[in-house]
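Asker: Just so you know, the sequences run in chain order A, B, C and D.
For the first sequence, this note's numbering assigns the number 464 to the last residue and increments by one with no breaks.
For the second sequence, this note's numbering assigns the number 538 to the last residue and increments by one with no breaks.
For the third sequence, this note's numbering assigns the number 914 to the last residue and increments by one with no breaks.
For the fourth sequence, this note's numbering assigns the number 367 to the last residue and increments by one with no breaks.
Accuracy of the hints is not assured; some may be wrong.
[Said to hold, decoys possible] Per label pair, the in silico range of CB-to-CB distance:
1) P361/D <-> A185/A: 28 to 38 Å
2) E315/B <-> P411/C: 19 to 29 Å
3) V295/A <-> E453/C: 47 to 57 Å
4) G667/C <-> P360/B: 29 to 39 Å
5) E315/B <-> V295/A: 35 to 45 Å
6) E527/B <-> G667/C: 44 to 54 Å
7) T54/A <-> P411/C: 13 to 23 Å
8) S267/A <-> P361/D: 32 to 42 Å
9) G833/C <-> A288/A: 49 to 59 Å
10) L519/B <-> I291/A: 34 to 44 Å
11) A83/A <-> E364/B: 43 to 53 Å
12) A631/C <-> E527/B: 52 to 62 Å
13) D690/C <-> G360/A: 29 to 39 Å
14) A709/C <-> V295/A: 41 to 51 Å
[To be verified] Over the 12 Å line for every Cβ pair with chain A, so calculated as not near, a few chain C residues:
15) E521
16) L522
17) R705
These are computed hints drawn from the structure, not numbers from a lab.
Where a beta carbon is used, it is the ideal one built from N, C-alpha and C, also for glycine.
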Amino acid sequence: MSWRDRVERLLARLVAASATERLAISLAALFSSILVGTLLVLVAGRMTACSSAAFVLTHPTPFGVPRLFAVGFCYDPIAVYDRLFLGALGDPFSAGWSPRNAQMAVTLRETTVLIFTGLSVAVAFRAGVFNIGTQGQLVVGGFATALTVLAAAPAVSGFVGTLTLIPLGLLAGAVGGGFYGAIPGALKAYADANEVITTIMLNFVATGVVGYLVLNQFKDPTSAATQTRALPSYADFPAVVFDPRSNFSLIALAFGISLIVAVYYLLAHTSFGYDLRTSGLQPEAAEYGGVDAARTVVASFALSGALGGLGGALYVLMILGNYQTGVPAYGFDGITVSILAGNNPVGVGFAALLFGVLKSGTTVVDFATDVPPQLVGVLRGLIILFVAMPEFFRLLGGRMDRVQRRARRLGSTAATDGGEQADDGGDRNE
Amino acid sequence: MSDARADGSPLADRFSKRTGITVAVGVLFVLLAGARLAFPDTIAGDLFAIVTDRTTLGAALRFAVPITLAALGGIFAEKSGVINIGLEGLLIISAFTAVYATDTIAGEGAATQAELWLGLLVGVVASTLLAGLFAVVCIEFRADQIIAGLAVWLIALGLAPFASQVVYDGPNTASVTTPATVTIPVLAEIPFFGALFDASPFVYLMFIAVGLSWYVLNRTAFGRHVRAAGENPKALDTAGVSVSRVRYAAVLLSGVLSGAGGGALALSIGQFTGNGATMVNGKGFIAIVTYLFGNYNPVGAFLSALLFAGLDALQFSLQTVGTGLPSSLVRVIPFVTVILVLALVGRTQIPEAAGDHYESGED
Amino acid sequence: MADAVRLDGITKRFPGVVANDDVTLEVERGSVHALLGENGAGKTTLMNVLYGLYQPEEGRVVVDGEEQSFESPGDAIDAGVGMIHQHFMLVDTMTVAENITLGNEPRKWGWLAVDREQARREVRELSERYGFAVEPDARIETVSVGVQQRVEILKALYRGADVLILDEPTAVLTPQEVEELLAVFEELTAAGKTVIFITHKLGEAMEAADEITVLRDGKNVGSVSADDTDREALAELMVGREVLMETDARPSDPGDETLCVDGLTVEDSRGVTVVDGVSFGVRAGEVFGIAGVDGNGQSELVEAITGLREPTAGRVDFEGRDVADWSRIDHIEAGMAYIPEDRQERGLVMDFDLVENGLLGSQHASAFAAGGRIDWDRARDHAEAVVEEYDVRPPDPDARSVSLSGGNQQKFIVGREFERDPSLLVATHPTRGVDIGSTEFINDRLLDLRNAGGAVLLVSSKLDEVQMLSDRLAVMHGGELMAVVDPDDVTEEELGLLMAGEEPSRSLSSLRLAGEES
Amino acid sequence: SGGPSGENTSDSDTETSSSGGGAEASASANVGVVYATGGLGDGSFNDQAQQGVQQAAEDFDVESRKVQPQQPSDFENLQRQFAQETDPNYDLVSCVGFLQGDPLAKVAPEYPEQSFQIVDAVPMRDTDGDDEGDEQFDNVGSYVFAEEEGSFLVGRLAGLLSTRSFSAGGGSTASDSTNLGFVGGRESDLIATFEAGFVSGVKSASDDLDVQTAYTGSFNDPAAGKEAALQMYNSGADIVYHASGNTGTGVFQAAQEEGRFAIGVDRDQSVTKSSYADVILASMVKRVDTAVYSAIEATVNGSFEGGATTSLGLADDGVGITYGQELGAEISAEVKSEVDTAAQSIIDGSVDVPTDPTNV
Ligand SMILES: Nc1ncnc2c1ncn2[C@@H]1O[C@H](COP(=O)(O)OP(=O)(O)OP(=O)(O)O)[C@@H](O)[C@H]1O
Ligand SMILES: Nc1ncnc2c1ncn2[C@@H]1O[C@H](COP(=O)(O)OP(=O)(O)OP(=O)(O)O)[C@@H](O)[C@H]1O
Ligand SMILES: [Mg+2]
Ligand SMILES: [Mg+2]
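Same shape as in the complex, but just chain A (with noise of 0.2 Å):
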């Protein structure tokens, strides 16, 4: 096949209906979420009180036309959304803006994580299961990262250093997360428990049996805070372009988005892909078609908790250079990535820069304004609460036709992947 042929297939993938409405419909929920958000702000900023009002909502008032009314807010909508989105990025619309400035290297960290605990969510996702633990895998992950890093420092130091423990932690924090991750998998697999609550309960197991470790175990004797010892800084994420001290490497983000390709291709260029994207899809039809499904769920847990550990090793060696308890919940936030786009791991990387930039944008909201910043935790449910009704768009759109409908309901639609996949699997827990 020429060449040309390969191409013109690719761009009519790529234009079809089903991938545009994808993003179309991110979009909106995006929008949705702002507005409704934008609602809550200005219902929050008259609940509370305040010495000058933040925000007016009036009218202009040209040629003498009497004002009507004013009202008055204690927060401002545009001011929390210009610090959220402007803020994150170090405001690019100032004087003397660099793409290098702290501000943009706490967003682009931030990616960085979420790409990796994206991924994980996705590959789930598409193996028709739901991986509510990634936040457990990252948490053991991370951990075992630590312990291993500072087991091995000793033997080595400086570029060297750099060179064997970086990969060596990477490689632990998958290998720990991919253990933690096939629990769950196993456990579906082999005794039918509804992997939603598994995953869950084992988020709280993580976090109590790694914060016992660490606390009786591995603590930092010179710290108050329960933490391990500081890894040697040989083993900290080179960085390259951006400052040293804002705990983010470009390498790390390079990482990320390679492993963004390899997810791609290993879901549509292999056998393993297919077995995992048809049991996904259709588990009978999976198992007729001759893939083990135990073995399948098992495999696509440990690969997502896998990943979900290189995002906790991530943490660790580029972030924190240590491990502490109370790791924040980029778990979570992988849901949100993965279930943004629609699963798909060209997505995952789109979605993780959006969250990326909310969850830096976050601390600056704290910062800029009087605004509490959990109303970032609330932009997110309402983001995935819109993604999740693609039906509400289309009605809006008055695009709603019967074919359509059909076609949704078994399980088709490019648009809807992860609340169809999500629907087998569902389906499939209890």
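Let chain A serve as the given structure and place chains B, C and D with the ligands on it in line with the hints.
Answerer: Coordinates of chains B, C and D with the ligands only, in the frame set by chain A:
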């Protein structure tokens, strides 16, 4: 359907697993009793003393309230064919709202008991509204139930602390009155079971809700319609009953019950605390496990909630008795138990159509 | 006297299909009326209109002389119209009485509770009045299909139905159960009820109905009195042309046993033994048929043979090797092809396009995936070949399965499985729900494979079809093979008895083929 | 109160100085506060710190802005935001809570011109490459407390009362009980010093006394605090001391329900949790407010000095015992004087209070 199938009850093996677990718990209990007699100073001996202590029963009952109420809500929703994984969110939203409402209604002084119940009612309304949103999204807009349920959880997880921050300038609300313990004379004196008659009014509320739920599900036409909507919605539809309406009612009911649970949780401590996973901290998810384990039976759900709550209560006893078990590990016991139970029970008898959309007139 | 039902110029459209096109139908009170027509002719749609499930774009529905506009089945029920669907609308986990009274529960204590005693009593009375022996407290999942059907009928009667609509009520019954059902029709009409039933079987229509209406392509192509017509005339009305099913009648030339099943015992997912010590063999170059009413263990038997279900006892020898505990993929790779009974659940991934679906089962085969990497170009060539050779329409390998009609989906599966060049083909209901043209095509291919020396195990509930295609025919009932017979030497009635688990009057040994040990 | 409409104003959300809204430009100092993750409204640690800020704002013309991080990983970012901000320029960034120590060790050297204060931790720089800190940062003033000393006093009080028949307000002790309780928040070295001090204080009253301890794993889980305390009261404890932030609210509730006593922490909790004043015997106050206040005061006066640790013990009034508003008067002078004696011995060094519960 051949004769070969007629003799095998599809529930047989599941029941036997449940029975197995129940028997195992019983055997464990007897062993502990033996250990207590033989080696009174060992952990096992202590355990028996703790398990048979009325304090433990009292604590288990208190812990069981939010879990049981949410589980009852989950039963109604799922029996009607809507898997409500957002129970956690419903608990969170009503926990905050109930305290906020009580605080607001009471104004300056301390809230009276009547104001507290009014606050609970407002909490129930809030949770029901959120459940209503969930219902519209799932039934009207055909959203995937699991994803929409996750969304409900995440929204509440953000919204309640957000609101607390707005109103109280911190993730924790002010403290309000707590309900007065209701003590039934004489009965409260009974050694172990006395705890049943010397409890918070919310515990009695829970008992009433369990009984009523069982009655509604099994004895009323509405309950029948709920079950039919979950097993074979088309059968219900063709029998001339609107499936959507039944499902709406069931999901709203899950909001009402979870609302009572969340409100009771927060009001019994008089405060909503909202950082991290909030004070609800996974109770909604445990509720799901309890009704799965209880095989969608309200009484079964209550008993398994009591089991998990008992484990939760146990962890403090284990710590204070000084068993030497590290407290951070003891706290993990209930979660591990949930996993083990789920692995043992395995596939539960989920309603046939749960998770599916239903639209009248479709094939 | 007014007609019980009069449908006047009903038109009902679905996107891209006119399911009912200006259909007029009159049904006399106290009569039995049969609706005939090919798959997709619009029979179910028309009855759904009468039952208020669909609202017609045009036309009037008149019941008992009164024009009606039903918004929902509830309205139809109120007007005395009841319907028993092709797929029963029963709640398996509830009892007979609960199902019958669903939506119409007798109450006590002013709506607070269902009066279960009264429900039970009413159901028992009703059941006795029409001579149905049904136990009100039995759970639906434990009773036979025949009983379930009666529950459906009682459900309609309980609601005061005067007009009963039955959609293909005989499709799932044994010939004997069919007889009983037709007797029930007489009871009903004797009590003044009106019966409308849909069927594909001309004989039944002739026997039970007073009047017969034939639909074709959504149009009423004729209503005739049963006494004034014959099978040939009806068949021609239905299809619009003369029907002659020609098959390759060449006798088989069997070789060695490709498949040998010995003492096979299988449990279903609930742990109930549904295949009980079954033994038979399929030789190269022959079609071995298994007939039987659905649900007598055929599905589990086939799943055990094809590696989808692990048997609890017994052997499955394929080309001399015991494959009973091989994995599914090993079965495929050993050369066993399988056309599953549920094409949309198992046979195809509905969300995949044909290129991807063509790979199902071959995703690890070296021809398509060397070293774990899928060669999509080859997969595409393969799908294109299948589409072309098996006349799949539309001929577009990028079309997703969900967009194909049922018949075309089936053709693609058949093509894919034949392309494996199997030494054994297991086919379950390969022509179910498929139109006459495609049926013919598929059957021809089965025979081609046989003639080329392949072994074919054919499971079907269409008696005429298995009888015609098979070289040897077994009848399955209650998890056991009743007999292996020569299909040319057995009557439909005898098969019916065997399917019902009874011994025909002619001794079985005379039916059995020489040299058969089963 | 309702929201503002148009330009009219109501009471303040940001902690502006008492001199009114117009003071912004003329503020003598701008202070940023990063609270601990438990958040405000805990009635103990964070609220106590806020108290210091508010007091300073009242006494000097100080503008302040606060943030309440949701998780420990936010600390670093928020500290940095304050350090970077130029509009206004923050004269002091106050970091409340020991978890902020490590992040501050990273941020402080990046902004040598920025003054920081940290409570409950001493961040250090590693100068000799052994990955252990050995030198403080010049721009960071550290404030630590001798929690064990204050806890010793309340432990002694509890021990003395437990061996007597004491009854007041909503509770009573039984003279024959030999049992007391301690409820901790999340397990950590810091909380362990509270436990160690309390237990040794109890033992100083009588060797026959036992202390039940339990950790709830959270500083913000009143329900768990309540259950833990109930458990203790039911197994004979007369008095339960807590060092668990808002979790302690549950301890007070349990005391009220069981008719026993509790001891508060960080602030005078018979004031901050006044509805439980009838069971709060005393509180171990930890003057986080003083620490914050004095740091701000020094900043206003231009005398803030980094690179040093201020240790606040009994002798410095940094920790101490405050008797409950309602119950304090009921405690006999004899008991109080025994407590005072103990305080004196600690101050003059004749008693050394352990900081590790395993060494008691
Ligand atoms: N809900 C629907 N939406 C769209 N098209 C439909 C729907 N129901 C039926 N059709 C189409 O209408 C036509 C008539 O279908 P109908 O089910 O009435 O046929 P039938 O005569 O009952 O066929 P069969 O004998 O297979 O049951 C078919 O082309 C079918 O695909
Ligand atoms: N309920 C429905 N909603 C939407 N489209 C439908 C529906 N039912 C059928 N179709 C579409 O109508 C077409 C005919 O479907 P149908 O199931 O009637 O096929 P069939 O009659 O079994 O196929 P064939 O004609 O090949 O035997 C297909 O394209 C199918 O996807
Ligand atoms: Mg058809
Ligand atoms: Mg039909």
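Asker: Hint by hint, say whether it matches the structure.
Answerer: We went through each hint and held it up to the structure:
no.: 1; hint: P361/D <-> A185/A: 28 to 38 Å; verdict: 33 Å, holds
no.: 2; hint: E315/B <-> P411/C: 19 to 29 Å; verdict: 22 Å, holds
no.: 3; hint: V295/A <-> E453/C: 47 to 57 Å; verdict: 52 Å, holds
no.: 4; hint: G667/C <-> P360/B: 29 to 39 Å; verdict: 52 Å, violated
no.: 5; hint: E315/B <-> V295/A: 35 to 45 Å; verdict: 39 Å, holds
no.: 6; hint: E527/B <-> G667/C: 44 to 54 Å; verdict: 19 Å, violated
no.: 7; hint: T54/A <-> P411/C: 13 to 23 Å; verdict: 22 Å, holds
no.: 8; hint: S267/A <-> P361/D: 32 to 42 Å; verdict: 35 Å, holds
no.: 9; hint: G833/C <-> A288/A: 49 to 59 Å; verdict: 58 Å, holds
no.: 10; hint: L519/B <-> I291/A: 34 to 44 Å; verdict: 43 Å, holds
no.: 11; hint: A83/A <-> E364/B: 43 to 53 Å; verdict: 51 Å, holds
no.: 12; hint: A631/C <-> E527/B: 52 to 62 Å; verdict: 39 Å, violated
no.: 13; hint: D690/C <-> G360/A: 29 to 39 Å; verdict: 59 Å, violated
no.: 14; hint: A709/C <-> V295/A: 41 to 51 Å; verdict: 50 Å, holds
no.: 15; hint: E521; verdict: 39 Å, holds
no.: 16; hint: L522; verdict: 36 Å, holds
no.: 17; hint: R705; verdict: 10 Å, violated
Comparing the model with each numbered hint stated earlier shows that hints 4, 6, 12, 13, 17 do not hold.
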